[in-house]
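Spelled out from the first residue to the last, the chains are:
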Amino acid sequence: MTFSPTDVRKDFPIFNRTIRDGKRLVYLDSGATSQKPLSVIEAESNFYEFHNAAVHRGAHQLAEEATDAYEGARAIVATFLGSPGGSDEIIFTKSATESLNLLAYAMGNAPVGNRFALSSKDRIVVTEMEHHANLIPWQQLSARTGAELSWFKVTPDSRLDLNSIDEVITANTKVVSITHQSNVLGTINPLAAIVKRAHEVGAIVILDACQSVPHMRIDVKALGVDFLAFSGHKALGPTGIGVLWGHMNLLDELPPFLFGGSMIETVTMTSATWAPVPQKFEAGVPNMAQAVGLGAALDYLSGLGMDEVHAHEVELTGYLLDKMKTIPGIRIVGPTNTLLRGGTVSFTIDDIHPHDVGQYLDSQGIAVRTGHHCAWPLAKCMLVPATTRASLYVYNDEVDCDALVDAILGAQKYFGRF
Amino acid sequence: MELDSLYQEVILDHYKHPQHKGLSPTFTAQVSHVNTSCGDEIILNIILEDGVISSLTWEGQGCSISQASVSMMTDLLTGKTLEESGTITKSFADLMASKGTSAGDPQILEDAVAFAGVSKFPGRVKCSLLGWMAFKDAAIQAQAQ
Ligand SMILES: Cc1ncc(COP(=O)(O)O)c(C=O)c1O
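For the record, the sequence lines run as chains E and W. Residues in the first sequence are numbered from 1 upward in steps of one, following this note's numbering. Residues in the second sequence are numbered from 1001 upward in steps of one, following this note's numbering.
Hints in this document: simulated from the structure, not taken from any laboratory. Ideal placement from N, C-alpha and C gives every residue a C-beta, glycine not left out. Mixed in with the good hints there might be a few duds.
As the list claims (entries may be wrong) - Pair by pair, the computed Cβ-Cβ distance ranges are:
1. W:D1013 with E:V201: 44 to 52 angstroms
2. E:S262 with W:S1037: 32 to 40 angstroms
3. E:N163 with W:D1013: 27 to 35 angstroms
4. E:K153 with W:G1079: 44 to 52 angstroms
As the list claims (entries may be wrong) - One side only, chain W facing chain E, incomplete, derived with CB under 8 angstroms:
5. C1038
6. G1039
7. T1057
8. Q1061
9. W1132
Stated by the list, open to error - The list that follows gives simulated cross-link-like pairs (lysine-lysine, DSS-like), each with its CA atoms no further than 30 angstroms apart:
10. W:K1016 with E:K94
11. W:K1136 with E:K413
12. W:K1016 with E:K380
13. W:K1099 with E:K413
14. E:K380 with W:K1021
15. W:K1021 with E:K323
16. W:K1016 with W:K1136
17. W:K1126 with E:K380
18. W:K1126 with E:K413
Given only the sequences and the hints, what does the whole structure look like? Please build it.
Have a look at this one:
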């Protein structure tokens, strides 16, 4: 079966509507959040319509059904990521942001002697291309514990500078937290050398997979990382649901972050012990319908086939890059070929401000993101205060890319008239 | 085209030919403001002499709306008393909150009534207010001197 974005679009009700007085919706903002297929919308509403009850509680049929649906979603995520320890290694959070904060706060809670405990003798490593969600939690943990924050620089050709890997990942490094695919540049970071060096010095590797899980086949075991975080809403799923995967032995030793109901084993007025993983990290009634929706989303993606999804995006990205390169005055901020690169294409045109470009594109029915994309340090290092970003996904096709290129030319004309 | 109500000629003209850009070497107060959602930045110098704004200069980068707005604002407020500036600032803020229902008072706002169209685009209202927020701040600081 060949991959057909036209067929895919039929599964997404939002494409039945039009934009700005009857124009075709050209949605190129999946890097911010993806659209949802009907199966996901129905899975979420069916949960409320037929099975709603608090999971892991109530002694009644609805509670059983709700728990089955919620735990079923966990199993789907485990399979999707190739979790070696199965479902128990999957923790539901509200988002990737929460997953990464969970790790940083939990490490901050680690007592002396715990492998996650940090002090001024330790180092935390990130990269210059992190989304704020994978920078600030570590920056602030560093401020709280005294651990030194260090980072891989980004080269002018939009790659991580790994030449100095041994000076960045030093013997005292305990945490290396990096993005798999940049949400601005589209760069896919090679992990093997980083994982090898980190493990040599006894550091754990955390992967911000927000921009990779939705777009390529992920096998956590093959990647060799220790923790992985992603958001459901960028992977065709609902908002309000995210995932943290980690190796069981590490999750066992990691202290909890949020305290409350459902995460305890025993409680007295002055002390408590913790439930086993994953419950230890899921305090309170979770986002159940959203977890079920995420399960449906990953089922949908598996139905398309993640290798097919990735191949489609690489091909379409190549098509778009080739067309964009013919526009005079354009600067692509990111790799200009499809080698180790995803379908996120940031650019500037002439000296037209991205916010103005975005406004013009919107008038043509084209949805893009503009600004620093929650990666302010990266914008500074690429010497662009802001960019316009088009991000491709399963429902995009060459018609969308052509529309974008035509509209960029239109914007040049529109703003060039003075 | 709807877009033309946003990008009035006078706005694009100020964007291409900004007024009072380039910071004065001395100042009564200097402030710097950023729009955190898009990264637009402005530094504003104010010189206050006997309650009159004798100089208002700026440096900055950002979209056409934010830059044109600062440019027009510095044009409007230079030479005015603080009291007059308060009336103008209030009038501009009201216009931007009008969601396209007000045409603005040309007696008070002069060319800045061109921003009436911007008030229809909720995403751009913040851009147009960046410089004005900076001015409010600068005026307070200058008075405290
Ligand atoms: C690379 C990357 N990391 C983290 C995040 C944060 O995701 P969320 O806002 O869903 O928590 C994003 C979202 O833009 C992202 O692109």
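Verification of the hints:
A hinted range of 44 to 52 angstroms for the beta carbons of D1013 of chain W and V201 of chain E is inconsistent with their spacing of about 59 angstroms. The beta-carbon spacing between S262 of chain E and S1037 of chain W, approximately 36 angstroms, falls within the hinted interval of 32 to 40 angstroms. Between N163 of chain E and D1013 of chain W the Cβ separation comes to about 48 angstroms, which falls outside the hinted range of 27 to 35 angstroms. For K153 of chain E paired with G1079 of chain W, a C-beta distance near 49 angstroms keeps the hint of 44 to 52 angstroms intact.
Taking 8 angstroms as the C-beta cut-off, the interface hint given for C1038 of chain W holds, the closest approach to chain E being about 4 angstroms. Hint on G1039 of chain W holds. Least Cβ distance to chain E is approximately 5 angstroms, under the 8 angstroms limit. Given the 8 angstroms rule on beta carbons, the hint for T1057 of chain W is violated: about 21 angstroms separates it from the nearest Cβ of chain E. Of the supplied interface hints, the one on Q1061 of chain W holds, with its beta-carbon coming within about 6 angstroms of a beta-carbon of chain E, less than 8 angstroms.
With a least beta-carbon distance of about 17 angstroms to chain E, the hint placing W1132 of chain W at the interface is violated under the 8 angstroms criterion. A threshold of 30 angstroms between alpha carbons decides the hint, and for K1016 of chain W with K94 of chain E the separation of about 45 angstroms lies outside it, so the pair is violated. Under the criterion of a C-alpha separation no larger than 30 angstroms, the hint pairing K1136 of chain W with K413 of chain E is inconsistent with the structure, at around 36 angstroms. With a C-alpha separation of about 24 angstroms, the suggested pairing of K1016 of chain W with K380 of chain E holds against the 30 angstroms cut-off.
At roughly 28 angstroms between alpha-carbon atoms, K1099 of chain W and K413 of chain E fall within 30 angstroms of each other, so this suggested pair holds. Among the hinted pairs, K380 of chain E with K1021 of chain W is consistent with the structure: their alpha-carbon atoms are about 23 angstroms apart, no more than 30 angstroms. Among the hinted pairs, K1021 of chain W with K323 of chain E is inconsistent with the structure: their alpha-carbon atoms are about 37 angstroms apart, more than 30 angstroms. For the given pair, K1016 of chain W sits about 25 angstroms from K1136 of chain W by alpha-carbon distance, which is consistent with the 30 angstroms threshold.
Proposed proximity of K1126 of chain W and K380 of chain E is supported: the alpha carbons are some 22 angstroms apart, at most 30 angstroms. As the CA atoms of K1126 of chain W and K413 of chain E are separated by approximately 26 angstroms, the hinted pair is consistent with the 30 angstroms bound.
When each numbered hint is compared with the structure, violations occur for hints 1, 3, 7, 9, 10, 11, 15.
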